[in-house]
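Student: Spelled out, the chains give:
Protein chains: 2
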Amino acid sequence: MAYSIEITQSTTRKQKPDPNHLIFGKHFTDHMFILDYSVEQGWYNPRIIPYQPITLDPAARVFHYGQTVFEGLKAYRTSEGRTLLFRPDQNFKRLNRSNVRMSIPELDEELAIEGLRKLVEIDQDWIPEVEGTSLYIRPFVIATQASLGVAPSHTYQFLIIMSPVGAYYAEGIHPVKIYVESDYVRTVKGGVGTAKTGGNYAASLKAQEEASGKGYSQVLWLDGVHHKYIEEVGSMNVFFKVNGTVITPELNGSILDGITRKSILELLASWNVPVEERTISIEELYEAHKNGTLEEAFGTGTAAVISPIGQLCWKDEEITLNGGETGELSAKLYDTLTGIQRGVLPDPFGWTMKL
Amino acid sequence: MAYSIEITQSTTRKQKPDPNHLIFGKHFTDHMFILDYSVEQGWYNPRIIPYQPITLDPAARVFHYGQTVFEGLKAYRTSEGRTLLFRPDQNFKRLNRSNVRMSIPELDEELAIEGLRKLVEIDQDWIPEVEGTSLYIRPFVIATQASLGVAPSHTYQFLIIMSPVGAYYAEGIHPVKIYVESDYVRTVKGGVGTAKTGGNYAASLKAQEEASGKGYSQVLWLDGVHHKYIEEVGSMNVFFKVNGTVITPELNGSILDGITRKSILELLASWNVPVEERTISIEELYEAHKNGTLEEAFGTGTAAVISPIGQLCWKDEEITLNGGETGELSAKLYDTLTGIQRGVLPDPFGWTMKL
Ligand SMILES: Cc1ncc(COP(=O)(O)O)c(C=O)c1O
Ligand SMILES: Cc1ncc(COP(=O)(O)O)c(C=O)c1O
Numbered sequence: 001m002a003y004s005i006e007i008t009q010s011t012t013r014k015q016k017p018d019p020n021h022l023i024f025g026k027h028f029t030d031h032m033f034i035l036d037y038s039v040e041q042g043w044y045n046p047r048i049i050p051y052q053p054i055t056l057d058p059a060a061r062v063f064h065y066g067q068t069v070f071e072g073l074k075a076y077r078t079s080e081g082r083t084l085l086f087r088p089d090q091n092f093k094r095l096n097r098s099n100v101r102m103s104i105p106e107l108d109e110e111l112a113i114e115g116l117r118k119l120v121e122i123d124q125d126w127i128p129e130v131e132g133t134s135l136y137i138r139p140f141v142i143a144t145q146a147s148l149g150v151a152p153s154h155t156y157q158f159l160i161i162m163s164p165v166g167a168y169y170a171e172g173i174h175p176v177k178i179y180v181e182s183d184y185v186r187t188v189k190g191g192v193g194t195a196k197t198g199g200n201y202a203a204s205l206k207a208q209e210e211a212s213g214k215g216y217s218q219v220l221w222l223d224g225v226h227h228k229y230i231e232e233v234g235s236m237n238v239f240f241k242v243n244g245t246v247i248t249p250e251l252n253g254s255i256l257d258g259i260t261r262k263s264i265l266e267l268l269a270s271w272n273v274p275v276e277e278r279t280i281s282i283e284e285l286y287e288a289h290k291n292g293t294l295e296e297a298f299g300t301g302t303a304a305v306i307s308p309i310g311q312l313c314w315k316d317e318e319i320t321l322n323g324g325e326t327g328e329l330s331a332k333l334y335d336t337l338t339g340i341q342r343g344v345l346p347d348p349f350g351w352t353m354k355l
Numbered sequence: 001m002a003y004s005i006e007i008t009q010s011t012t013r014k015q016k017p018d019p020n021h022l023i024f025g026k027h028f029t030d031h032m033f034i035l036d037y038s039v040e041q042g043w044y045n046p047r048i049i050p051y052q053p054i055t056l057d058p059a060a061r062v063f064h065y066g067q068t069v070f071e072g073l074k075a076y077r078t079s080e081g082r083t084l085l086f087r088p089d090q091n092f093k094r095l096n097r098s099n100v101r102m103s104i105p106e107l108d109e110e111l112a113i114e115g116l117r118k119l120v121e122i123d124q125d126w127i128p129e130v131e132g133t134s135l136y137i138r139p140f141v142i143a144t145q146a147s148l149g150v151a152p153s154h155t156y157q158f159l160i161i162m163s164p165v166g167a168y169y170a171e172g173i174h175p176v177k178i179y180v181e182s183d184y185v186r187t188v189k190g191g192v193g194t195a196k197t198g199g200n201y202a203a204s205l206k207a208q209e210e211a212s213g214k215g216y217s218q219v220l221w222l223d224g225v226h227h228k229y230i231e232e233v234g235s236m237n238v239f240f241k242v243n244g245t246v247i248t249p250e251l252n253g254s255i256l257d258g259i260t261r262k263s264i265l266e267l268l269a270s271w272n273v274p275v276e277e278r279t280i281s282i283e284e285l286y287e288a289h290k291n292g293t294l295e296e297a298f299g300t301g302t303a304a305v306i307s308p309i310g311q312l313c314w315k316d317e318e319i320t321l322n323g324g325e326t327g328e329l330s331a332k333l334y335d336t337l338t339g340i341q342r343g344v345l346p347d348p349f350g351w352t353m354k355l
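One line per chain: the protein sequences are A and B, in this order.
The letter at position 171 of the first sequence is residue 171 when you use the numbering used here, and the numbering goes up by one with no holes.
The letter at position 2 of the second sequence is residue 2 when you use the numbering used here, and the numbering goes up by one with no holes.
Hints listed in this document are in silico derivations from the structure and should not be mistaken for laboratory results.
It is possible that part of the hints are untrue.
DSBU-like mimics (lysine-lysine), calculated; alpha carbons at most 35 Å apart, straight line [what the hints assert, rightly or not]:
id	chain 1	residue 1	chain 2	residue 2
1	B	Lys189	B	Lys16
2	A	Lys189	B	Lys262
3	A	Lys14	A	Lys118
4	B	Lys16	A	Lys228
Computed from a predicted model, the values in this text were never measured in an experiment.
Can you make the complete structure from the sequences, with help from the hints?
Tutor: Following this line, the structure appears as structure tokens:
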């Protein structure tokens, strides 16, 4: 299908940040993609314009009732100068699932991908080439109707902005220290935990701040009902290797269906590594550690790809995993996945989209 | 304390809407109050300026991570032409409690009240005088830092906007039909339910839409752990009169500490009506209805003040309360509270603030 996306080129070009010292999400490219929605017209007026501020009435619903969704994916520059996107179809499918949950009208995934392709093409000079860097892409929808009252908005904007990024953790792929949160919860079944919506992240700030204060880089969330079963780590899904088997929480209605998670499950299956998607309690994990069967743990997400867990602290009891080192499987998964993403390794799964 | 609030008067005045046909939250007055926050300066530059759009970078955190809080209160015009605010100190106290929960820096409540007083004074012609109308006041805070990454923002704006409103429900104080939600949940203990933050409202939209589709005007939320205990109704706290005793859910860590709720508890105590703040299951309520002891039910909140409940529907079983009519106690509470708010009745509690 051919979409007509109006393009207004920026007359100036911003100075690009030093690719060796990129700070996550701080600098944005020269252009952005926008699409409007009204009840009468549906989604309309797809366009690429110079990156610029958004002007909204102070009564716009996004400021009051948090009706938003977003996505996060990356574009990579290969050593031959090609540009690869990693599974963008999955991101726009999930965006639409989030839209449905948040009572936002679904958008045309093909159009969104087409808009993204054009945008990346126009701003391709912004894809950094230094090892470990990429162009982080942030599609998002905000409710713009300028009237108060708790109800779905009648107007929305969908935008895509892009930011050249280094590694998410300044420390690189070194193992991180994780705090197991026993009191605060992020979400619960029946809530909006499966949607990538602002409120879930706002709900995580306080616990994250307190964990940082104690010297931990992220929070591991337990379920909101029993405060017992493992859910996610910060903005990542989480995996454990116990006695040779890889275990990860099942998609239980309160965690995000991560695209890195899904890719890792497919990789592990192709390697014939035994995998279980199931409920895991924090007690079971501590028990496994005591028995010496808890071999590795890692978080997975677009930002960090694989983030090995070196320490876990639950109720004042800190345990060290794999001697605080990156595990063998974590490293292999990281190398394979980033290899495919960067076009260094073959892509037997057809995950990457060439521009 | 004297605050220096810079005032820029609007050079034009908007046409005011017909006070007999006010739509909730649609029209806004000529001015608004703003206060900025930065890590270096704290809250600074309080000012009143013409009502105007907000301009934000598309990376502003409010669009992505939902870090917002808000309040809602009302100004009333008395028959002698005085202006009364209802318990504004309580609203700004609660705003600060919400701020703490959402990792937003607390603001000076005195300054906020002073800004509000000045703003209402400047736009006092906007307070409608028709019976049942008022000026709805919406203070809110948004996270404005233009960078991605899940962490508290380094910059914020606090704003106050105001809108002349009629009754919240077009139907007036007629009883409403309420759908008891068994699957979706709004929040859970350990989450942010006690804070007035956007994400809680975004999380309510889907259930609200589905209930509307079935002919119900609001959702009654059950707790997120057992899906059994009564929490709130839409944007209201909820009360039941069972066998002469008034029962309302206790402040259990997941519901909002409503100012109307608090005022009603004080009124009932002064009338020597027996009151219980405690856990109530939906089964208990249906049981009471079967026994003929469930006498009245009503929601309480700033927007509607008292909203009698005529029907409840739980798992396909609809029950009618008090013959679908407004109960005696509901009516008395409504008349007393609105009487105090409008300066028609004496205010023995010192709830109203004269401007
Ligand atoms: C809450 C949460 N869980 C998990 C993930 C991982 O998802 P993905 O692998 O698609 O990036 C993310 C985000 O990126 C997230 O925000
Ligand atoms: C979720 C919720 N519960 C209860 C209330 C009632 O609070 P108040 O009486 O302070 O208006 C409100 C809001 O107004 C609300 O949003």
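Student: Hint compliance check: list the failing hint numbers for this structure, sorted ascending.
Tutor: 1 and 4
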